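Enquirer: Use these hints to put chain A onto chain L, whose structure you have.
These protein sequence lines are chains L and A, in that order. Going by the working numbering, the first residue of the first sequence is number 529, and it counts up by one from there. Going by the working numbering, the first residue of the second sequence is number 1275, and it counts up by one from there.
A hint or two may mislead.
Derived SDA-like pairs: lysine to any residue, alpha-carbon spacing no greater than 20 Å straight-line [unchecked claim]:
1) L:K977 / A:I1552
2) A:K1462 / A:I1378
3) L:K706 / A:P1441
4) L:K788 / A:S1432
5) L:K977 / A:G1587
6) L:K644 / L:N656
7) L:K866 / A:S1342
8) L:K788 / A:I1378
9) L:K977 / L:A596
10) L:K788 / A:E1440
11) L:K866 / A:G1338
12) L:K788 / A:S1426
13) L:K788 / A:G1490
Output of the computed footprint for chain L on chain A, the stretches with three or more beta carbons under 8 Å from beta carbons of chain L [as the list claims (entries may be wrong)]:
14) 1353-1362
15) 1531-1540
16) 1544-1554
I should point out that these hints are in silico values taken from the structure, not numbers from a laboratory. For clarity, every value in this text was computed on a predicted model and none was experimentally measured. Ideal Cβ positions, reconstructed from N, Cα and C, are used throughout, including at glycine.
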Amino acid sequence: MRIGFRILLSLIACSGLVQAQANLTDLSVALYAANPEAPAPPANWEVYRTVRDKLGINLKFTMLPTGADGDNRLGALAAANDLPDLFEVRSLALFDRLVQQGQLAPVNSLFPLMPKRAADRYGDAKRNLLVTSNGQIYGFLEPVTLSRQYGIWVRKDWLDKLGLKPPATLEEFFEVAKAFTERDPDGNGRNDTYGFGGVIDFDTAGILPGLGLGNHFQWVYGAYGVAGTWNYNPKAFAANVREANFRKATEYIRRLVEAKVIDPDWATMRRADLRTRWQQGRYGMFFESVGGLQAGLQNFHANNPNAELLLLPPPKGPEGKSSMGTYSSAGWLYVVSKRAMDAGKGAAIARFLEWAHSGEGYFLLGWGRYKTDYTLPNNVPTVNTQIPISVRGSYTQMRWLAFNGNPLEMRGRYPEISVGGRKYVMYQLMAQAQRQGNWIDRTGDLIVKAAPNQADLERYVSENLVQFVLGQRPINDSSWNQFLSGLRNVRFEQYEAAAEKALRESGYLK
Amino acid sequence: MNPAYPSNPAPPQRPGLKRLARLVWRHRILYLMLLPGLLYFLIFRYWPLWNAQIAFRDFQPTLGVWGSPWVGLQHFLEFFRSYYFGQLLANTLVISLAKIALGIPPAILLAIALHETGRRFLARVVQTVSYLPHFLSWVIVYGILLAMLSPSEGLVNSGLRALGLEPVPFLTSTATFQPVVVLSEVWKETGWSAILFLAALLSINPALYEAAAIDGASRWQQVRHISLPGMMDVLVLVVLLKIGSILDAGFQQIFVLYSLPVYSVGDIIDTWVYRQGIQNFQFSLATAVGLFKGVIGLVLIVVANRLARRFVGSGLY
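Chain L extracted, bound-state conformation (with noise of 0.2 Å):
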């Protein structure tokens, strides 16, 4: 009787467990390394448990690598036709085929489902518009929480020992670029400066780089007016690449290039070439944003150790215009693959993302652990810096779900820091970086389809650049009317015709 009894209860057990397990909704997530030098969540993340507690969803996470390998990864997957539930789309090229080829869901039924969540973050029926088709919203589209972090930093140190004043016109910093490239100004008795260092580089994180010679170079084409791929300019829209100015800006960096004030590595270097270069000590002035900056001060005042740095403003150009460049106002883009959705996942997805949004959610997917890798004094997360980022970080590799860009969220991931003696004020850098770099809002740009023919396009007018300021091609009438009128080779002007109609039909130019 009792074993009996026993074996009643156990079945009645059983089935409670199996109804649990079959009221829990699979849900596979995949999303960019938030932090790339971390490794992925171990598998007993106590965000799968509680997710699964609370919310009753089955959480699968795959991380994707940064950069094209993980849009490569994600395109193998579409192309498999074996997309995840809920996952991250960075190449807008990527994002425009799924629609295309009916892979996404529109997820506008979904705002009901997370009403915090929608109503702080895509109210923005603008923002919306670059993830419209046909009438429906094709994904979440953030709002940016983090922008206009880049910007040229001058060794203050060197400047007072020249007896320099930090440049504040383009003829002051080819000057001010020459004698740290030829008055030694680490005085280690050998030619090893240069006066800048920025490389091709066309990350988007933050800014958006203009058609030819990448972000780092966007400031002298700011100076000239031109920055940024299009003109904007409602009456005679083109590409900036046929303003006068344009050539002008191009000049002037062949000039900084022939007087080798630019490392001569610069058209072969990665970004992560540039970072060791300038932590080395040999750059008076360089390119980087505040979070590149805040990775790399350690070993910058250790092989540097007097070292002081000041962020300069944009430097103006003979018309007294000055940019550090172009910015979009969009952030992240989460899509919601079709398959999910009719397999009626769209409440799981709509309930994870209002969780991450605030609260509980907010705290263990943005900062981890809590009293192990952060705190929370008067209310700011505080990172706990004495375990390392490799291993903090994998806790925290969704976090850009959860992130939203309120000032004590900023306060905490760029704190104040005090290195090699000297304190710097993160979050202050990171405003004044917004701030005074003059930076252009062209979120319009994001609504441009990519031409069919992009490879080439972007190179014929890269290439062409690249040449013109190597030296390898001259500048003059005869070369760059050669140049644009090969425009045409690439189809450019179907390529502008396109833009524009799309600039014009989204209301972005008016």
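Expert: Below, chain A alone, put in the same frame as chain L:
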């Protein structure tokens, strides 16, 4: 007495299926050993050919390979009409041919040198050291090349500066990029390629060398008249295989080494496909180019094989 002939002679045995089955059964162990290889080719080489039809379709993953609409030769034409098509083809062929022309002789020389040396220990050490670079990834080789050739801090340019000469931007100059690509490939692969030639040399009957030595042949004459002819079959094999993949100029290497200033001499078919086909998610286009390369490779290998059989007397098949 006449032999008793049967009134209805039995039909002659069909030599085909039954005999084949008997043969297969007799050599069943050999066929069993062949099976994994056959399966590999069926699954990884022939089955994908079925999917290669997406080169002629506008591939839509949701519709599958079979359901995607036909577009005919559109993707091939897109490739041929690319502004850079001529340049891509020229760069690919120049780099590929240079790698064959400059890569094979050092491998043969190294194999002969290793074969000729009387010091076995030295030969083993040299052989091991020479094929080690084969195992380095191109990213590491790029690091080595940058340390050697960088205009600002490279070893070679430091030497040039010490001599009062101007540094040379080896990796960003259109004049030096292709030589860097070819020579770095030769450096990386010579030791590995020499293994085949060395194997061919080791298969030559030593009696030939002994007889030649008794006849008074010098070492050079032995190399000239015994070693080189003895390697001819392997040489033909290697050249034919390389010709078959002539449109593969080394994607990984060039992708790591090239940069905007040298696109005009460094951009090859595969790097273009990566940018236009893969990064823009045009898989049908990428497949079309892959098919094009495969067909060209097949034609070249058939023609080269015929030429080899006619003029050298040996070929692949």
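Enquirer: For every hint, state whether the structure bears it out.
Expert: Each hint, compared with the structure:
no. : hint              : in the structure
1   : L:K977 / A:I1552  : holds, 17 Å
2   : A:K1462 / A:I1378 : holds, 12 Å
3   : L:K706 / A:P1441  : holds, 19 Å
4   : L:K788 / A:S1432  : holds, 16 Å
5   : L:K977 / A:G1587  : violated, 57 Å
6   : L:K644 / L:N656   : holds, 17 Å
7   : L:K866 / A:S1342  : holds, 18 Å
8   : L:K788 / A:I1378  : violated, 40 Å
9   : L:K977 / L:A596   : holds, 18 Å
10  : L:K788 / A:E1440  : holds, 12 Å
11  : L:K866 / A:G1338  : holds, 15 Å
12  : L:K788 / A:S1426  : holds, 10 Å
13  : L:K788 / A:G1490  : violated, 64 Å
14  : 1353-1362         : holds (count 3)
15  : 1531-1540         : holds (count 5)
16  : 1544-1554         : holds (count 6)
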